[in-house]
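> Next come the chains, spelled out residue by residue.
There are 2 protein chains.
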Amino acid sequence: MRLLEEKISNNGKVLSDNVLKVDSFLNHQIDPKLMLEIGKEFASIFAGEGITKIVTIESSGIAPAVMAGLQMNIPVIFARKRKSLTLVDELLTATVHSFTKNETNEISISNKYVNESDRVLIIDDFLANGEAALGLVKIVQQSGAQVAGIGIVIEKSFQHGAQKLKDLGFRVESLARISSLSKGKVTFINEKVEEMI
Amino acid sequence: MRLLEEKISNNGKVLSDNVLKVDSFLNHQIDPKLMLEIGKEFASIFAGEGITKIVTIESSGIAPAVMAGLQMNIPVIFARKRKSLTLVDELLTATVHSFTKNETNEISISNKYVNESDRVLIIDDFLANGEAALGLVKIVQQSGAQVAGIGIVIEKSFQHGAQKLKDLGFRVESLARISSLSKGKVTFINEKVEEMI
Chain A
59 MRLLEEKISN NGKVLSDNVL KVDSFLNHQI DPKLMLEIGK EFASIFAGEG
109 ITKIVTIESS GIAPAVMAGL QMNIPVIFAR KRKSLTLVDE LLTATVHSFT
159 KNETNEISIS NKYVNESDRV LIIDDFLANG EAALGLVKIV QQSGAQVAGI
209 GIVIEKSFQH GAQKLKDLGF RVESLARISS LSKGKVTFIN EKVEEMI
Chain B
59 MRLLEEKISN NGKVLSDNVL KVDSFLNHQI DPKLMLEIGK EFASIFAGEG
109 ITKIVTIESS GIAPAVMAGL QMNIPVIFAR KRKSLTLVDE LLTATVHSFT
159 KNETNEISIS NKYVNESDRV LIIDDFLANG EAALGLVKIV QQSGAQVAGI
209 GIVIEKSFQH GAQKLKDLGF RVESLARISS LSKGKVTFIN EKVEEMI
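Chains as they are written, first to last, in the numbering used here: chain A, 59 to 255; chain B, 59 to 255.
So that you can see chain A by itself, here it is in the shape it has in the complex:
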């Protein structure tokens, strides 16, 4: 998605060979118009999949997921990293380790909002080692629903998450795919061929 790649090139900050900071438009300050375009792109990519629900994870997945839900006219459920006082239903849970943050969270959603009749699109802001996405997959599968696809805003393709998820048979679609952050520079996987089709 060219608009997103431009935004990353112009406003992203490379903090190390592994860490890209996009706090100015995605995960601290949010650019709502960019989120709307991201939502439209996900809606377009997954249009044929019969998706009935979107599942994401707090906090940075919420804005792109809600815009996708708006475009697709379906509800969005966000998994929590901490238990809520008012979340008293039976919970579907998974354990997720974040290598970037070096912490392990139990993530959960209520079993009321996803069930075996659903085809679920999982959306998240980043895909690196795939831990968060795999946690969301586990939760969705516990509910009996099908994972219809995984939509990622920014994929760090030099890490193994995307391949791991594809090897498990999931459709993974990332709007920006980064092949390298080395030497302080963002390099994208060239998608010119795809864009010309």
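In short, the hints are calculated from the structure, not lab data.
Heads up, some of the hints might be wrong.
[As the list claims (entries may be wrong)] Simulated crosslink set (SDA-like; lysine to any residue; CA at most 25 Å straight-line): (1) B:Lys224 <-> B:Glu63; (2) A:Lys65 <-> B:Asn169; (3) A:Lys170 <-> B:Lys243; (4) A:Lys170 <-> B:Thr158; (5) A:Lys71 <-> A:Gly227; (6) B:Lys139 <-> A:Leu149.
[To be verified] Stretch-level coverage of chain A by chain B, calculated; a stretch enters the list once three of its residues show a Cβ under 8 Å from a Cβ in chain B: (7) 91 to 99; (8) 133 to 140; (9) 166 to 172; (10) 177 to 184.
[To be verified] Over the 12 Å line for every Cβ pair with chain B, so calculated as not near, a few chain A residues: (11) Asp81; (12) Ser82; (13) Lys196; (14) Ser215; (15) Val230; (16) Glu231; (17) Ser238.
Yeah, the Cβ is synthetic: ideal placement off N, Cα and C, and Gly gets one too.
Mind docking chain B on chain A? Use the hints.
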């Protein structure tokens, strides 16, 4: 806002005299179309205030805030309850106690995204004792920006937050104002007069 009050009446669950559960459309499962209408309503209410930024708090404030930001064509910044690895700028912080969750968090935003030239709209999902909103006010004021208003999705008017904030001179606008949750029933403050104007 009648649409919101209907949604609360039809889908909210009263867990106690103090706790209203709106997990089916606001703070776990999210109804994106309702969020868009909420965003439109905030944009309309605060149209004359010259607002340049919206500040909210993770996680449940994000969806309504982003929809308001979309309508007002301005950026949204969400305060974090936990420190982010990539949030390495100087932080503006405040301590917030949640009576509902019985926990105290240090909330923070980067000082890069709000400054003395800004007029800030604070948005949050709930207003009860006003702790979260007051924390956001403190953060915004530390930056030198002005608080132009406080927009709340659901106000528990039988608690003291709204009055506290108004007494401090802030414009507080809540889209649904609940006067009581007693006997398992949601009672709204009657706004028919306002709606007829």
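> For each hint, tell me whether it holds in the structure or not.
Against the structure, the hints come out as follows:
A C-alpha spacing of about 23 Å is found between B:Lys224 and B:Glu63, which places the hinted pair at or below 25 Å, so the restraint holds. Taking the CA atoms of A:Lys65 and B:Asn169, the gap is about 21 Å. The hint holds against a cut of 25 Å. The straight-line distance between the Cα atoms of A:Lys170 and B:Lys243 is roughly 22 Å, inside the 25 Å bound, and the hint therefore holds. The hinted pair formed by A:Lys170 and B:Thr158 meets the criterion: a straight-line CA distance of about 22 Å does not exceed 25 Å.
Annotation: proposed proximity of A:Lys71 to A:Gly227 is violated, straight-line Cα distance about 33 Å (limit 25 Å). Under the criterion of a C-alpha separation no larger than 25 Å, the hint pairing B:Lys139 with A:Leu149 is consistent with the structure, at around 23 Å. Counting residues of the segment 91 to 99 of chain A whose beta carbon lies closer than 8 Å to any beta carbon of chain B gives 3, which reaches the threshold of three, so the coverage claim holds. Counting residues of the segment 133 to 140 of chain A whose CB falls under 8 Å from any CB of chain B gives 5; the rule of at least 3 is met.
A stretch counts as covered by a chain when three or more of its residues have a beta carbon under 8 Å from one of that chain; for the segment 166 to 172 of chain A and chain B the count is 4, and the coverage holds. Counting residues of the segment 177 to 184 of chain A whose CB lies closer than 8 Å to any CB of chain B gives 0, which falls below the minimum of 3, so the coverage claim is violated. Here A:Asp81 does not stay apart from chain B, with its beta-carbon only about 6 Å from theirs, under the 12 Å limit. A beta-carbon of chain B comes within 12 Å of the beta-carbon of A:Ser82; the shortest separation is about 7 Å.
Annotated as non-interface, A:Lys196 keeps its C-beta farther than 12 Å from every C-beta of chain B; the closest such distance is 18 Å. No beta-carbon of chain B comes within 12 Å of the beta-carbon of A:Ser215; the shortest separation is about 19 Å. Under the 12 Å C-beta cut-off, the non-interface status given to A:Val230 relative to chain B holds; the minimum distance is some 23 Å. No beta-carbon of chain B is positioned within 12 Å of the beta-carbon of A:Glu231; the least distance is around 20 Å.
Every C-beta of chain B lies more than 12 Å from that of A:Ser238, the closest at about 18 Å, which supports listing it as non-interface.
Checked against the numbered hints given earlier, this structure breaks hints 5, 10, 11 and 12; the rest are met.
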